[in-house]
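Here is what each chain is made of, one letter per residue.
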Amino acid sequence: MNKNHVTAAEAFLSNKEGAQWHNETLWGTRVKRDNLAKGIPEWEELRELASKIKMHSITHLDHYLLQFAEAAEKNGATVHWAKDDTEHNDIVLEILRKNNAEKVVKSKSMLTEECHLDDFLIENGIDVIESDLGERILQLLKQPPSHIVMPAIHLKRQIIGELFEEKLNTEKGNSDPTYLTGCMRENLRKEFLSAKVAMTGANFGVAETGDIVVCTNEGNADMGTSQADIHIVSMGIEKVIPNRESLGVFTRLLARSATGQPITSYTSHYCKPRKGGELHIILVDNGRSDILGNKDHLQTLKCIRCGACMNTCPVYRRSGGYSYSYFIPGPIGINLGMLNAPQVYYTNLPACTLCFSCNNVCPVKIDLGNQIYKWRQGLDAIGKANPAKKVLSGGMSFLFNHPGLFHSALKMAPIVNKIPRSLKYNKFNEWGIGRELPEFAPESFTSWWKKNVKR
Amino acid sequence: MDKSLKIGLFIPCYVNAVYPEVGIATYKLLKYFGLNIDYPMNQTCCGQPMANAGFEDKGLATIKKFGEIFKDYDYVVGPSASCVAFVKENHPQILAAHGHACQTEGKIYDVCEFLHDIVKPDNLPGEFPHKVSVHNSCHGVRELNLSSASELNIPMYSKIKDLLSLKKGIEIEEPERVDECCGFGGMFAVEEEAVSCAMGRDKLQNHMNTGAEYITGADSSCLMHMQGIARRDKLPVKFIHAVEILASGL
Amino acid sequence: MNSKEQILNNIRQHNLEQYDMPVIELDAIQFPDKINQFIEVSKAVGGNAVLLKEGEDINQLIAELYPDAKTIASNVPDINSTMDPDSVNNPRELNGVNLGIVEGAFGVAENGTVWIPQHVKERALYFIADSLVILLDKESLVDTMHEAYKRQQFNDYGFGVFISGPSKTADIEQALVKGAHGAKEVTVILK
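Chains as they are written, first to last, in our numbering: chain A, 308 to 762; chain B, 56 to 305; chain C, 8 to 198.
Some chain A residues near chain C, calculated using beta-carbon distances under 8 Å: (1) Lys-359; (2) Val-556; (3) Thr-558.
Source of the hints: derived by calculation from the structure; they are not laboratory data.
For glycine and all other residues, C-beta sits at the position ideal for the given N, C-alpha and C.
Whenever a hint applies, use it, and build me the whole structure from the sequences.
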């Protein structure tokens with residue numbers, strides 16, 4: 308089922324209260340980011356450095372991946388290479404089978420969403436427990452995340468309260484966030500303590516030393532991995548960075564951009580396996596190496612998945628993550644979706660006014676808006692151009708290439724003002740649904756010039 | 056500034072048809088400063104509406120024509136940050152992709168930009184004793200640097216406010232979410248109508264919360280979109296392009 | 008060709024414009040009073056940081072801060088505790104610890120975070136205790152993460168973590184709640 312952003316956004320906005328809350332809350336996160344950014348005089352320099360470090364890393368990707376694998380293996384980790392999502396999932400299942408594990412506790416990883424890992428494991432009889440509060444709520448509701456950092460932002464506490472009543476036997480009618488979080492803490496702690504295998508994503512993989520760096524506020528990645536014997540890391544190949552010194556730049560940018568806090572509560576560095584345990588690192592390609600050959604869209608590989616672009620995007624804030632058909636929404640999601648399958652995800656392309664706010668908040672300076680503009684140019688070639696827009700553009704082109712015709716049109720335009728309302732405002736007039744049409748001036752500028760200035 | 060330099064007036068298609076007073080104000084103001092202005096009459100459009108919708112190729116002929124029309128002028132000045140930004144940022148690479156040079160490179164200016172950076176007036180005639188709320192349009196801010204983008208940690212500045220403050224009697228305000236998009240976005244306004252109007256209504260409310268009588272800015276397209284909403288919602292706020300304020304009394 | 012080779016070949020086949028690694032040198036923010044900055048930011052992020060006064064007994068201070076803690080786990084010499092966390096056979100046994108008292112290597116003034124390279128048998132202690140006290144030499148504070156990553160203590164570790172304040176979440180309607188999974192309260196004692 309291919310979701311259409313236009314109609315989905317309309318539906319989202321029909322819940323006026325919910326839409327307003329969504330918009331204001333995400334704008335609030337943008338403001339928190341701004342406040343912290345303005346407290347660091349060298350903020351713009353940091354962004355520039357981060358962008359340069361990432362451009363260097365991705366254009367030397369083979370070198371750094373090899374260096375990373377070697378360092379990690381020297382540390383005692385096992386490094387796997389997965390060319391696509393299927394291979395990634397198979398590797399995870401194999402590790403679980405080898406260790407007779409029937410359950411896995413997971414912390415948040417958009418990469419595992421991308422690979423549809425949870426469904427795959429469940430089909431194969433594995434119990435999957437998401438441990439990030441937002442992700443756990445969505446798992447129980449059987450809903451996908453609507454934001455990559457604040458996945459349950461679209462849910463009201465009452466819904467969550469009712470869910471917990473059903474699944475966790477919490478107090479009836481109690482939707483206090485502190486109470487509910489406390490109940491989930493207790494519930495998930497039992498899972499942490501009994502899990503043999505814990506999975507995490509990776510915010511960064513350090514080539515020089517083999518560190519895996521995971522940033523969380525909840526501490527769920529660490530609760531899981533400090534108890535389980537087996538730690539599996541799913542890491543996109545673009546997450547590798549050259550050295551620990553680079554982390555100084557990224558750890559100053561990530562949380563400030565993502566949630567408007569100076570740093571996450573936990574910034575964990577996994578180097579060697581736990582004593583008596585195993586550390587498995589799965590390096591996943593799944594189309595990333597192909598992106599390297601796409602000059603116009605190469606910069607998407609710099610992304611550190613902070614979500615700042617979503618928080619600032621005026622369209623995302625007013626349409627919500629579920630209006631986008633790709634699992635990652637907002638400006639970065641529009642671009643990643645097109646890289647994944649343009650024939651499928653082109654329906655997200657209208658969701659942008661080209662305001663370029665996303666470019667300015669991106670901590671690694673991805674040219675998000677410019678890339679959306681470029682994707683639009685390529686739509687006609689793949690047969691996905693909006694026919695109405697195409698006709699309109701063709702018509703405009705014709706008019707503008709014939710100045711004489713254009714001037715005649717200018718002279719006649721004011722007549723449109725006098726057309727009866729019922730003829731002007733109807734279902735064919737999209738502009739007129741929510742606005743009045745502009746009025747054509749009785750005398751165009753060209754006419755005025757001819758009359759008053761031209762010698 | 057060398058007043059003998061030839062300035063070609065660039066009057067965007069919709070300004071020509073809907074807001075000619077903006078073009079007239081531009082002409083009168085530049086004339087007031089003793090500048091050498093001409094309006095090449097066979098200009099039509101800069102190509103932005105087609106290109107932003109994904110049809111750069113349909114705009115190519117218009118874009119080429121634009122360069123030919125303005126090639127002999129020292130400056131090209133137009134009262135539309137959005138259109139000027141499009142010419143500045145996009146014409147060179149669209150033309151280059153088809154093996155053409157860009158004739159307007161380095162000489163195209165939005166009128167506010169031109170006045171602030173080149174003409175540098177230290178006073179303005181007439182008065183405008185009204186409270187205005189400045190609309191910082193996206194392309195003006197983030198492509199033409201007419202004011203400091205709120206996302207960036209850079210020293211704050213606003214060329215439009217600097218110019219407006221020269222006008223006797225004026226009271227200048229800015230809305231909260233000072234440079235959030237109004238939702239026009241060219242064809243976005245009709246394709247994503249629901250979001251466009253939601254954005255427009257929010258922006259309009261932020262402007263009105265300043266208590267301003269007028270909403271002003273460098274882009275008539277944004278103003279046109281918000282004006283459409285204000286008229287539909289029967290709101291009393293008025294709209295005026297910044298250059299009209301600067302030229303008022305002439 | 009195995010997957011590793013396939014991936015590497017796929018990467019190498021592109022004729023990429025190469026970008027150099029930048030020199031990471033910048034005039035980063037410096038705080039005239041690092042201790043004060045650290046204390047302020049700790050508060051702001053929901054944590055707590057206190058300066059051990061001259062002549063003050065650290066065990067007394069901890070007892071005053073956590074009078075209700077019954078099970079106190081610490082392997083730090085001269086610190087009062089009810090159990091040695093290194094005596095456990097598996098990390099599950101640490102569940103139920105009310106207060107963990109651990110050592111930090113250094114702290115960062117810009118964000119109130121403390122670097123803790125694993126000094127205990129089971130790293131679970133850092134996360135499973137209801138509350139955490141982190142002992143830190145006040146002279147060890149650095150201004151920013153740049154210096155943090157330069158520090159010598161950083162060199163060899165099997166596991167290390169920067170902890171800044173308590174565990175938290177805002178996943179329910181953006182309402183901030185402390186103690187999602189890790190410590191509900193964290194106090195850094197600067198000595």
